[in-house]
Amino acid sequence: MINIIFCKNPVSLRDTFFSGQSFRWKKHSDNDSVFVSVMHDTPVVFMQRDSGILRIDSPRETIDGTGVTEWVKNYLSLDIDNSMLFDHDFRNRYPEIMQLVDDFEGLKLLRQDPFETAVTFMCAQGIGMPLIRRQVALLCERFGRPFIVETEGMRHVLYSFPSPDRLAGVPAEALRLCTNNNCRRAVNIRRMAGAVADGKLDFRRLAASGMQIELIREELCRFDGIGPKIADCIALFGLGRFDAFPIDTHVRQYLAGWFGLHRAEMTLTEKNYLRLQGEVRSILKPELAGYAGHLLFHCWRRKVKGLLTA
DNA sequence: TGCCAGGTGTACT
DNA sequence: AGTACACATGGC
1 MINIIFCKNP VSLRDTFFSG QSFRWKKHSD NDSVFVSVMH DTPVVFMQRD
51 SGILRIDSPR ETIDGTGVTE WVKNYLSLDI DNSMLFDHDF RNRYPEIMQL
101 VDDFEGLKLL RQDPFETAVT FMCAQGIGMP LIRRQVALLC ERFGRPFIVE
151 TEGMRHVLYS FPSPDRLAGV PAEALRLCTN NNCRRAVNIR RMAGAVADGK
201 LDFRRLAASG MQIELIREEL CRFDGIGPKI ADCIALFGLG RFDAFPIDTH
251 VRQYLAGWFG LHRAEMTLTE KNYLRLQGEV RSILKPELAG YAGHLLFHCW
301 RRKVKGLLTA
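Using the working numbering, you'd call the opening residue of the first sequence number 1 and step up by one each time.
Because the hints were derived from the structure by calculation, they are not lab data. Please note that the accuracy of each hint is not assured.
Below, simulated BS3-like cross-link-like pairs (lysine-lysine); rule was C-alpha separation at most 25 Å, straight line [stated by the list, open to error]:
| hint | residue 1 | residue 2 |
| --- | --- | --- |
| 1 | Lys8 | Lys73 |
| 2 | Lys27 | Lys73 |
| 3 | Lys271 | Lys285 |
| 4 | Lys303 | Lys271 |
| 5 | Lys285 | Lys73 |
| 6 | Lys26 | Lys305 |
| 7 | Lys303 | Lys229 |
| 8 | Lys26 | Lys73 |
| 9 | Lys303 | Lys26 |
| 10 | Lys303 | Lys200 |
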């Protein structure tokens, strides 16, 4: 089953997946334009003909109950045009930043699965991207379902992301082998997964339109291992809340370095974190602050820090 | 060697 | 309300 999508605006799979969105896609051989994964128990191959044409190869006609084409459009947030992220004011005030950001016209922020997003960012506390990527890969290999993905004469063995009830049933001692040997993290993930499996944590309800971002954060932060930053990451990447603005160590750096926000250099207590978000809302469009922030995040890492490891 | 990496919870003043 | 520290390990 092959679908061709003509994109109105440029899309760069390489930049998008490099930026850590998602941790679940693998490069096909050394080809930068072909990526493979298993999404919602469906093997999927992305091929990029050019920045405006995507070919999607999937053995099934639907992913997650929706048509493949519709799913991809939503997943890649093709409804968001990167040129609308920064207003006239911002462009005038920070022309040198815009010059850097314009190179990432095709970088997309993915609308990912909320449970997968939650687990992934619970694995992302104070450690580097390679270690996060390894944890996610181990979780999938040990507790996901295997799939063979064949494309262009190559075979990949890929794994689905484990379901909530599967992870909830894994003893913490076994789970910690996948969570960087961190026992507390394993326990926290297990508990959160159990709540999702029991319906006590309902991501669909949190994703409903009209939910206040403060309420989403409050519900997520009830779980050990989820603080304001991770809650905002779940909202941004997993619930499609592009107004959510997670502040991590990289974001702090560019808020200080590019925008001169002194508060970004202070210790981030919860109060300080919220205040800093308030200051950001006066610089970036509030309804797309998180999306714009993701571009700045990627840009800062790539162009200023020179980081090449995703 | 020492510091930094997509933080959070707890135990102190 | 603010600060210090443990958690764990790899990369540079």
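Now for the hints, and whether the structure bears them out:
For the hint linking Lys8 to Lys73, the alpha-carbon distance of about 11 Å falls within 25 Å, and the restraint holds. Proximity of Lys27 to Lys73 is assessed by CA-CA distance (about 20 Å); at most 25 Å being required, the pair is judged to hold. With a C-alpha separation of about 22 Å, the suggested pairing of Lys271 with Lys285 holds against the 25 Å cut-off. Between Lys303 and Lys271, the direct Cα distance comes to roughly 31 Å. Violation of the 25 Å bound is thereby established for this hinted pair.
Our distance criterion of 25 Å between C-alpha atoms is met by Lys285 and Lys73, whose separation comes to about 23 Å. Using a Cα cut-off of 25 Å, the hinted pair Lys26 and Lys305 holds, with the two alpha carbons roughly 24 Å apart. With a CA separation close to 24 Å, the supplied pair Lys303 and Lys229 stays within the 25 Å bound. The hinted pair formed by Lys26 and Lys73 meets the criterion: a straight-line CA distance of about 20 Å does not exceed 25 Å.
Distance hint between Lys303 and Lys26 is fulfilled; the C-alpha atoms sit about 23 Å from each other, no more than 25 Å. A hinted pair counts as satisfied when its Cα atoms are at most 25 Å apart, and Lys303 with Lys200 does not qualify at roughly 42 Å.
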